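Q: Next come the chains, spelled out residue by residue.
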Amino acid sequence: MSENRGVLVFSEEYDLMLEMIGKGREIAKELQTELAVALVGSNVQKKASELIKYGADKVFLVDNPALERFQAERYLSVLHNLAVDYKPDILLIGSTKNGKALAARLATRLETGCIPDCTRLSVDKKGRLIGERITYGGNAIARVTFRSRPQIVTIPAKVFEKLEPRDRNGEITKLDVKIEDPQTEIVETKPLETSSRNIEEAEIVVSCGRGLEKKDDKILLERLAEILNAQVGNTRPLAEDRKWFTEWVGLSGHKVKPKLYIACGLSGIIQHVAGIRDSKIIVAINSDPEAPIFEVADYGVVGDLYDILPALTEALRKQLS
Amino acid sequence: MENAKKDRRTLCGHLRLNCLKICRYFISKRPFVIIVHQDKIFIGNNYNFAFPSPLAQNQKEVADLKTIIVCLKQAVDVSQLKIDPTTGQLLTASAPKKISDFDKNALEEAIRIKERIGAAEIYTVTVSSEDAKPVLREALAIGADKAYLVNDQSLQNVDTWATAYVLAETIKKIGKFDLILCGETSLDSFSGLVGSRLAELLNLPQINSARKISIENGNVTAERTLESAYETLKSKMPALITVTREINQPRIPSLMMIMKASRKEIVTWTTTDLNIQKEKIDEKVEVTEVLAPKTKRKKIMITGENTEEIAGKLAKALIQEGIIRR
Ligand SMILES: Cc1cc2nc3c(=O)[nH]c(=O)nc-3n(C[C@H](O)[C@H](O)[C@H](O)COP(=O)(O)OP(=O)(O)OC[C@H]3O[C@@H](n4cnc5c(N)ncnc54)[C@H](O)[C@@H]3O)c2cc1C
Numbered sequence: 023m024s025e026n027r028g029v030l031v032f033s034e035e036y037d038l039m040l041e042m043i044g045k046g047r048e049i050a051k052e053l054q055t056e057l058a059v060a061l062v063g064s065n066v067q068k069k070a071s072e073l074i075k076y077g078a079d080k081v082f083l084v085d086n087p088a089l090e091r092f093q094a095e096r097y098l099s100v101l102h103n104l105a106v107d108y109k110p111d112i113l114l115i116g117s118t119k120n121g122k123a124l125a126a127r128l129a130t131r132l133e134t135g136c137i138p139d140c141t142r143l144s145v146d147k148k149g150r151l152i153g154e155r156i157t158y159g160g161n162a163i164a165r166v167t168f169r170s171r172p173q174i175v176t177i178p179a180k181v182f183e184k185l186e187p188r189d190r191n192g193e194i195t196k197l198d199v200k201i202e203d204p205q206t207e208i209v210e211t212k213p214l215e216t217s218s219r220n221i222e223e224a225e226i227v228v229s230c231g232r233g234l235e236k237k238d239d240k241i242l243l244e245r246l247a248e249i250l251n252a253q254v255g256n257t258r259p260l261a262e263d264r265k266w267f268t269e270w271v272g273l274s275g276h277k278v279k280p281k282l283y284i285a286c287g288l289s290g291i292i293q294h295v296a297g298i299r300d301s302k303i304i305v306a307i308n309s310d311p312e313a314p315i316f317e318v319a320d321y322g323v324v325g326d327l328y329d330i331l332p333a334l335t336e337a338l339r340k341q342l343s
Numbered sequence: 020m021e022n023a024k025k026d027r028r029t030l031c032g033h034l035r036l037n038c039l040k041i042c043r044y045f046i047s048k049r050p051f052v053i054i055v056h057q058d059k060i061f062i063g064n065n066y067n068f069a070f071p072s073p074l075a076q077n078q079k080e081v082a083d084l085k086t087i088i089v090c091l092k093q094a095v096d097v098s099q100l101k102i103d104p105t106t107g108q109l110l111t112a113s114a115p116k117k118i119s120d121f122d123k124n125a126l127e128e129a130i131r132i133k134e135r136i137g138a139a140e141i142y143t144v145t146v147s148s149e150d151a152k153p154v155l156r157e158a159l160a161i162g163a164d165k166a167y168l169v170n171d172q173s174l175q176n177v178d179t180w181a182t183a184y185v186l187a188e189t190i191k192k193i194g195k196f197d198l199i200l201c202g203e204t205s206l207d208s209f210s211g212l213v214g215s216r217l218a219e220l221l222n223l224p225q226i227n228s229a230r231k232i233s234i235e236n237g238n239v240t241a242e243r244t245l246e247s248a249y250e251t252l253k254s255k256m257p258a259l260i261t262v263t264r265e266i267n268q269p270r271i272p273s274l275m276m277i278m279k280a281s282r283k284e285i286v287t288w289t290t291t292d293l294n295i296q297k298e299k300i301d302e303k304v305e306v307t308e309v310l311a312p313k314t315k316r317k318k319i320m321i322t323g324e325n326t327e328e329i330a331g332k333l334a335k336a337l338i339q340e341g342i343i344r345r
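Chains as they are written, first to last, in the working numbering: chain A, 23 to 343; chain B, 20 to 345.
What the hints contain is simulated information worked out from the structure, not anything from laboratory work. As the structure is a computational prediction, the values presented were derived from the model and not from experiment. Any given hint could be a false lead.
To be verified - The calculated lysine-lysine pairs, modelled on DSS-like cross-linking and capped at a C-alpha distance of 30 Å, are:
(1) K116/B to K101/B
(2) K317/B to K281/A
(3) K212/A to K231/B
(4) K313/B to K147/A
(5) K281/A to K302/A
To be verified - The calculated label-pair distances, taken between Cβ atoms and stated as ranges, are:
(6) Q341/A to S148/B: 42 to 52 Å
(7) P187/A to K191/B: 43 to 53 Å
(8) R282/B to R142/A: 49 to 59 Å
(9) E183/A to K191/B: 40 to 50 Å
(10) Q341/A to R270/B: 47 to 57 Å
Said to hold, decoys possible - Covered by chain B, according to a simulated footprint, are these stretches of chain A (three or more residues, beta-carbon under 8 Å):
(11) 167-175
(12) 318-330
Ideal Cβ positions, reconstructed from N, Cα and C, are used throughout, including at glycine.
Based on the sequences and whatever the hints tell you, model everything.
A: So this is what it looks like as structure tokens:
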């Protein structure tokens with residue numbers, strides 16, 4: 023038996039942290055243990071009581087001007103200290119790019135395992151955490167469990183839901199932690215022009231692939247999106263090869279779970295599909311009747327997107343008015 | 020005064036190195052002058068020859084970058100994976116293998132750095148329970164100078180901890196390096212942990228998911244795209260950087276390069292050669308099941324006489340789903 027107890031949640035992204043608290047509560051209840059949150063940053067103490075409302079039993083508050091921006095070694099030393107002193111059995115860390123690097127380095131420092139990007143979490147009979155994650159380029163789901171402690175998993179945004187806030191009892195502990203000096207220096211940061219989160223939160227997404235001949239033709243999707251109040255997305259080659267856009271939907275891009283996903287002129291290669299699998303309804307418009315996208319679609323239309331999209335926009339305009 | 024003497028000696032050495040070029044010039048024209056100006060040496064009345072001064076290089080790092088290590092995974096080619104029609108099991112064992120795409124980008128980036136700066140040696144490091152030599156030949160053809168393969172049966176089913184641990188021990192045995200490049204994740208397992216774990220084990224500064232890298236004055240600068248911001252980070256070398264697929268378009272080796280690669284060396288070690296104790300690479304996590312993802316979709320094909328009819332039917336179906344509000 024290990025002496026580790028409790029669940030500890032951390033992310034530098036506040037919303038993601040709330041989502042993980044939602045899931046963490048469930049796990050803590052099952053294991054009859056407590057749920058703690060690491061609130062790390064500069065000038066963040068005012069958020070501590072809110073975290074309790076969202077489900078935390080304990081908040082470890084590490085508030086220090088040196089933690090204003092995420093710098094790997096600084097945050098790593100804080101989390102490492104907490105893991106050593108508080109000895110959690112389970113650590114849930116937000117799967118942002120920074121969060122993943124943090125989780126990997128923390129797991130290494132603690133000589134323990136890490137299961138990244140879990141889309142499902144459960145506890146087995148022995149009280150071990152089981153994480154499910156997409157592997158083999160979207161061809162499979164692997165179930166992975168631990169042989170070491172603490173058990174560290176990372177969780178992407180929008181996988182779990184935050185709880186409704188309510189008045190609860192909890193404990194806030196302010197900690198003074200020795201913070202390591204960073205080994206990298208931030209030369210510049212600037213916000214992304216397009217908020218990448220928009221598409222992940224959208225209720226309807228209209229997406230295109232290499233079937234789109236010119237960048238400007240995206241207007242066809244935008245017209246449809248306007249009527250549906252949707253966000254517009256695309257496949258990776260339009261960003262990587264054609265350099266028309268900087269982001270894409272899929273396994274290595276944004277994972278979406280809208281109520282409706284309309285896929286136009288994209289083949290439905292597994293890496294793209296891995297990012298849209300949780301959509302409620304998928305519509306495929308493709309000129310090739312053999313395109314794999316039809317295998318994962320609820321509604322399929324074999325046809326040219328240059329004909330179908332304007333016609334669909336028009337039909338919806340009529341039927342909705 | 021002492022310094023000036025030393026500088027003169029360095030310069031003379033450098034000129035001797037370039038003497039072939041200078042001799043050719045002698046034969047054709049004289050008299051000539053040698054001018055040392057800022058970071059360049061000019062020779063000839065009209066500045067006919069110019070090469071970077073070694074004095075300038077001392078300040079500029081350039082010559083300091085001697086070894087780049089690239090970590091290469093031999094991964095399952097996920098685009099060629101088949102599913103057993105009777106059991107529904109994924110046939111991973113029989114699937115073809117290749118260099119993980121992201122690692123190929125890392126290798127390409129190393130080569131581009133070498134081409135810009137010159138002088139650097141590129142070593143690849145691979146940890147595998149299989150004989151990955153055919154895949155490593157490709158890396159050598161693309162432009163690596165030497166490949167290291169750690170290959171033994173104890174490396175079957177290793178997790179990210181063990182992979183990083185063996186990589187770290189291998190790199191320690193290789194010795195000095197200035198930069199380690201890895202793919203940000205791997206094509207088949209898609210974990211994205213090994214680079215960061217390796218940095219931690221070697222106590223190196225680390226930048227992950229770089230989509231642009233530049234090197235100057237002993238520092239490496241990398242640009243990356245985070246969830247809600249662009250960030251440029253700078254670090255002293257040695258450092259470890261993981262790269263995205265956007266960073267470059269890997270080259271395809273020519274026949275000449277492939278032939279040249281057959282003369283390059285592949286060093287093969289076992290965990291025993293590296294003095295790795297078995298307990299050190301015990302699994303920390305264990306894969307209990309690999310399932311094919313289930314999709315239950317309606318798969319209704321909408322047909323009609325003409326585009327208008329089809330579009331009308333589709334619009335109606337979507338409205339009936341209750342997703343689109345009237
Ligand atoms: C490790 C890895 C990760 C990856 N991650 C992602 C990812 O996250 N997201 C992603 O999207 N990709 C990803 N990819 C790339 C992926 O494998 C595919 O290459 C890509 O999704 C294909 O894009 P596409 O469907 O636009 O292009 P294609 O596969 O070329 O498909 C174009 C489709 O358009 C149809 N078409 C052409 N003209 C018309 C027309 N006029 N009207 C209607 N249909 C038309 C064609 O029939 C065809 O089916 C990844 C690849 C790797 C190796």
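Q: Straight-line Cα separation of K116/B and K101/B no greater than 30 Å?
A: holds (13 Å)
Q: Checking C-beta pairs, does the segment 167-175 of chain A have three or more residues closer than 8 Å to chain B?
A: holds (count 4)
Q: 40 to 50 Å was suggested as the range; check whether the CB atoms of E183/A and K191/B agree with it.
A: With Cβ atoms ~45 Å apart, the hint holds.
Q: Just to be careful, I want the Cα atoms of K317/B and K281/A compared with a cutoff of 30 Å; is the pair within it?
A: Answer holds: K317/B to K281/A is near 15 Å, not above 30 Å.
Q: Straight-line Cα separation of K212/A and K231/B no greater than 30 Å?
A: holds (16 Å)
Q: Using the C-beta atoms of R282/B and R142/A, is the stated range 49 to 59 Å upheld?
A: With a Cβ separation near 50 Å, R282/B and R142/A satisfy 49 to 59 Å, so the hint holds.
Q: Take the segment 318-330 of chain A, compare each residue's beta carbon with every beta carbon of chain B, and decide whether three or more fall closer than 8 Å.
A: holds (count 10)
Q: Assuming the hint says 47 to 57 Å, is it satisfied by the Cβ distance from Q341/A to R270/B or not?
A: With a Cβ separation near 52 Å, Q341/A and R270/B satisfy 47 to 57 Å, so the hint holds.
Q: Lying within 43 to 53 Å: is that true of the beta-carbon distance P187/A to K191/B?
A: holds (50 Å)
Q: Is 42 to 52 Å right for how far apart the beta carbons of Q341/A and S148/B are?
A: Since Q341/A and S148/B have Cβ atoms about 59 Å apart, the given range 42 to 52 Å is violated.
Q: Taking only the CA atoms, is the gap from K281/A to K302/A under or equal to 30 Å?
A: holds (5 Å)
Q: Would the hint linking K313/B and K147/A be met if the CA-CA limit is 30 Å?
A: holds (25 Å)
The structure shown violates just one earlier hint, number 6.
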